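Participant: What follows is each chain in one-letter form.
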Amino acid sequence: MVREKRSQSGFTLLEVIVAIVIITALVASFSPLIATSVRDIRWSGSRTQSLYCLRGEMEKAVAAGIGESKAIVLRGTSQGGSIMEWKVQGKLIKVEEESQDGEFGECLVSFVIPKE
Amino acid sequence: MRLRDERGMMAIGVALMLIVVLALFGGALWQYSMFELRRVEKAEQDMQALFLARSGAEAVMEVWRQASESDPSTRPFGQLDTLFYDHASNSFSLTKPENYLGAINVTVKHEEATESGDDVITVIESTATVGSTTRTVRLVTYPYLYGHHEDLAWYLEDSGEILIPKAGAREPVIIRPKKEDGFVHFTPSVLRTLRQSDRSSVTLIASDIIFERPFRFVGGKEDVVKGPEGSFALELEAERVFFSGLEVVFESEGVIRDPRNYGVIVRLPVIAGEKRGLLGKDIKATVKRGNVDDNARYGEVYFDIGDSEYVEYDWFLVFIYEADRESLFSDDEKAFYFKDSWYINPEEIHRKGARRFVEDAISAGEILPIRPEYLTNRQYLDGRRPFFWEQ
Numbered sequence: 001m002v003r004e005k006r007s008q009s010g011f012t013l014l015e016v017i018v019a020i021v022i023i024t025a026l027v028a029s030f031s032p033l034i035a036t037s038v039r040d041i042r043w044s045g046s047r048t049q050s051l052y053c054l055r056g057e058m059e060k061a062v063a064a065g066i067g068e069s070k071a072i073v074l075r076g077t078s079q080g081g082s083i084m085e086w087k088v089q090g091k092l093i094k095v096e097e098e099s100q101d102g103e104f105g106e107c108l109v110s111f112v113i114p115k116e
Numbered sequence: 117m118r119l120r121d122e123r124g125m126m127a128i129g130v131a132l133m134l135i136v137v138l139a140l141f142g143g144a145l146w147q148y149s150m151f152e153l154r155r156v157e158k159a160e161q162d163m164q165a166l167f168l169a170r171s172g173a174e175a176v177m178e179v180w181r182q183a184s185e186s187d188p189s190t191r192p193f194g195q196l197d198t199l200f201y202d203h204a205s206n207s208f209s210l211t212k213p214e215n216y217l218g219a220i221n222v223t224v225k226h227e228e229a230t231e232s233g234d235d236v237i238t239v240i241e242s243t244a245t246v247g248s249t250t251r252t253v254r255l256v257t258y259p260y261l262y263g264h265h266e267d268l269a270w271y272l273e274d275s276g277e278i279l280i281p282k283a284g285a286r287e288p289v290i291i292r293p294k295k296e297d298g299f300v301h302f303t304p305s306v307l308r309t310l311r312q313s314d315r316s317s318v319t320l321i322a323s324d325i326i327f328e329r330p331f332r333f334v335g336g337k338e339d340v341v342k343g344p345e346g347s348f349a350l351e352l353e354a355e356r357v358f359f360s361g362l363e364v365v366f367e368s369e370g371v372i373r374d375p376r377n378y379g380v381i382v383r384l385p386v387i388a389g390e391k392r393g394l395l396g397k398d399i400k401a402t403v404k405r406g407n408v409d410d411n412a413r414y415g416e417v418y419f420d421i422g423d424s425e426y427v428e429y430d431w432f433l434v435f436i437y438e439a440d441r442e443s444l445f446s447d448d449e450k451a452f453y454f455k456d457s458w459y460i461n462p463e464e465i466h467r468k469g470a471r472r473f474v475e476d477a478i479s480a481g482e483i484l485p486i487r488p489e490y491l492t493n494r495q496y497l498d499g500r501r502p503f504f505w506e507q
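For the record, the sequence lines run as chains A and B. The first sequence: position 108 = 108 (the numbering used here), numbered continuously. Each number in the numbering used here corresponds to the 1-based position in the second sequence with 116 added.
Extracted from the complex, chain B is given alone in its bound form (with noise of 0.2 Å):
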């Protein structure tokens, strides 16, 4: 056979076509699997690091949440240390292992809440290594529900005057009015309207309500002439109720008019069928004074913030005056536990006088003292805030 023979040259193109073929053939199916191999390291870490980060976030959830409940100011915050999962011994560890999984970085910030601006969120962000792949994962705690939040409707933002609530919420609830200098009030009208349809109380619902503008039952004078006779309570269904001020409104009996007594019902609330709550044996150790009942069930309510007082409105001829204002409650005793439905009720005041009618109520062990150092505080609130996955 001569190389030169045009047969043999056949034979070798052959040869080299086939090899051409089979080369790249063969790379192209190489280079697949190659890439199919890394895809699924890839997934297979970014698997990985998907849970990681996930524990490490819902580990720095749950201390943030037992602080908030002890003491919020030993809550995480920043950047912590990092966490590596050792797969020698099975269990995560502050110091880098050998042969370690991944390891997880965890930041605890606030940001600002977008809609209201006035209001921060709690982010905890965890960020997982496995391998050469990065996954973050974020926790963030729903904004602040405010009380003129369309869904509930307690309030009317502007001017705070109270409304015939739409809905309650399982979570901490704002009231807060627009105007700084401004108040939460009733109006005559809304009053009126509730006498009309045989009510005598309106309602909120909330885990805890706080109020950042003072409560007055009536906005002046003017509302407790045009308001309804008789007795109308505002009534706090709640676990914690805060007060940034409060006035409780009545009026002796006039000549051609009944007495008109408007005051607060504080309850605890029931959810799926169980009364909220703290055991009284439970708190016992934290009570300043007063008869606790070891099997009832209390709340906290706070008026340590702005003046609570009675105020009393008489008549004078066709003319009506303030006839009497009493605080309710001591500069040192502003803090209570209050038992199921305690009503602050002016005609009770007006009988008693406020400070009589609050050591009453003491003895009674409807409300009691709380010693300031369990006094619950609104950063305990912010822990309260439940949080949720960010997408």
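One chain only, chain A, in its complex shape (with noise of 0.2 Å):
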């Protein structure tokens, strides 16, 4: 039996480079948006389990009434047809996020009237 003689064409060493350079210039030119992207992906991800931290830490405080103390002051009309300013005491809350890279500077801000 005659076996088929292989061909012997196949890519050049020229051609195999140009087509490595290809892919890799390719390659090099996506991965900086694709890093960035799991990287944002991952720091979202991380943020709202850190916001939700955040939220039950303030709640806690509001319900606590621990804070620093603030008087608010309004202005506005009164059931009597005046102009009027009010002055309010209460606790003015700030809750600021633990993080260790100190990537997160955000914090929550609340005003609340302590209970008697």
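FYI, nobody ran anything at the bench for these hints, they're computed from the structure. Keep in mind the model is a prediction, meaning the values are calculated, not measured. Be aware that a few hints might be false.
[As the list claims (entries may be wrong)] Simulated restraints on C-beta separations:
(1) B:Lys397 to A:Arg75: 44 to 54 Å
(2) A:Val73 to B:Phe141: 48 to 58 Å
(3) A:Ala64 to B:Glu277: 45 to 55 Å
(4) B:Phe141 to A:Ala71: 51 to 61 Å
(5) A:Val73 to B:Arg154: 29 to 39 Å
(6) A:Ala64 to B:Lys404: 41 to 51 Å
[Said to hold, decoys possible] In silico PhoX-like cross-links for lysine-lysine, where the CA-CA straight-line distance does not exceed 25 Å:
(7) B:Lys158 to B:Lys225
(8) B:Lys158 to A:Lys60
(9) B:Lys158 to A:Lys87
(10) A:Lys70 to A:Lys94
(11) B:Lys212 to A:Lys87
(12) B:Lys212 to A:Lys94
(13) A:Lys115 to A:Lys70
C-beta: ideal position from N, C-alpha, C; glycine also.
Fit chain to chain and form the complex, with the hints in mind.
Facilitator: Below, the structure is given as structure tokens:
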């Protein structure tokens, strides 16, 4: 039986090199986009989690009425029809994140009137 | 390498496919990450806006509460000026700072209570804006509680007949039978039921009791005839009692009948083991005359609307008739602080006369006329209705 002779034709070295260069360039150009996207998605996840923790802490602080004593001045019309200013004493509560990398500098702010 | 070479074309095809796949994958990932970033930013602003809106509502509620106690006409109403939270000074300000976290707009308004229709509730609506996110919260007062409400069952709404109550309340209760010209009263059958169970009183408990119709102990002389002998009292256990007309009844002893003595007792409620009311030393400056006991506690009772009278019935042979009717209070003194368990006792009035009875009570410090400028009005009660967060 005469075995059919395999084709000797293939990619030349140059073709292979050019292809590798093109693929490398492509991957190199897309990788920052992909890496940034992945990092952002991960950041969003941890930020969401951290936000809910913050909210929990804030709710606890609000319930306990723990915060810095501050006054709010309100201005408007009274039921008697005159323009008035009212001063309300309460607690200013700021709950900040405890992020190790210090990336999340945000905090939540609330003002509460402590329960008697 | 020639481009028309099939092998070269295949290499380019593979490279193009890779470009497309990478572009699609990268693009989708980038879009998703952008969406996530926006969502987180929105959630963050939304959460902050919620707390700022709550802050504004709470501050206004506190102003409302304080003003209700001092002067209800100074309570805030309508749209208040915008309040900003200033990052730099860590404080709230009425002027717009350069770097502010958010803005709060609060409106106080009245809305019709849907159930009763003839009652309004107070609404504090607070809207906070942080970035592009806005959150609104509402604090709403409970509608007034009426004595005929099924949970209380103090009286029948249609007839005004007092029942043996199911429960008391910790908030103000309004007594308003349906008929505008009607009144609240006991029926002989209720009095007899009480007599059978060895009770001599019915007690209504609330923080404030407001009669919007007159209270007459009985519906008429026929009820006195049918009513049981002895003393019966309507006990009102409240920090403030507002009458809109009152009749206490006494029927003199007949040949074959014992006297009927139907009066009213005002008591101070006890909440969590503590007697409510104001300390004598705190009300001294607001008392017109009389002996104030510094350490005693006092409530307030108002007879300023309608006539408050003592009515005496007597018999002539087999006929009962109205023998006497006296006003209890003078026109210039119809609002009093009362000491716990002050008893408007018709039998005592029968012996002393109405004016003397009142003067003796003032001298003994059982009641103390309130100076006109310190009278409590109904608006104050509106401020006492608790607010709750509406979902």
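Participant: All the hints need checking, so say for each whether the structure fits it.
Facilitator: Evaluation of the provided hints:
{"no.": "1", "hint": "B:Lys397 to A:Arg75: 44 to 54 Å", "in the structure": "violated (36 Å)"}
{"no.": "2", "hint": "A:Val73 to B:Phe141: 48 to 58 Å", "in the structure": "holds (55 Å)"}
{"no.": "3", "hint": "A:Ala64 to B:Glu277: 45 to 55 Å", "in the structure": "holds (49 Å)"}
{"no.": "4", "hint": "B:Phe141 to A:Ala71: 51 to 61 Å", "in the structure": "holds (56 Å)"}
{"no.": "5", "hint": "A:Val73 to B:Arg154: 29 to 39 Å", "in the structure": "holds (35 Å)"}
{"no.": "6", "hint": "A:Ala64 to B:Lys404: 41 to 51 Å", "in the structure": "holds (44 Å)"}
{"no.": "7", "hint": "B:Lys158 to B:Lys225", "in the structure": "violated (30 Å)"}
{"no.": "8", "hint": "B:Lys158 to A:Lys60", "in the structure": "holds (23 Å)"}
{"no.": "9", "hint": "B:Lys158 to A:Lys87", "in the structure": "violated (32 Å)"}
{"no.": "10", "hint": "A:Lys70 to A:Lys94", "in the structure": "holds (12 Å)"}
{"no.": "11", "hint": "B:Lys212 to A:Lys87", "in the structure": "holds (18 Å)"}
{"no.": "12", "hint": "B:Lys212 to A:Lys94", "in the structure": "holds (20 Å)"}
{"no.": "13", "hint": "A:Lys115 to A:Lys70", "in the structure": "holds (15 Å)"}
Comparing the model with each earlier hint shows violations of hints 1, 7 and 9; every other hint is respected.
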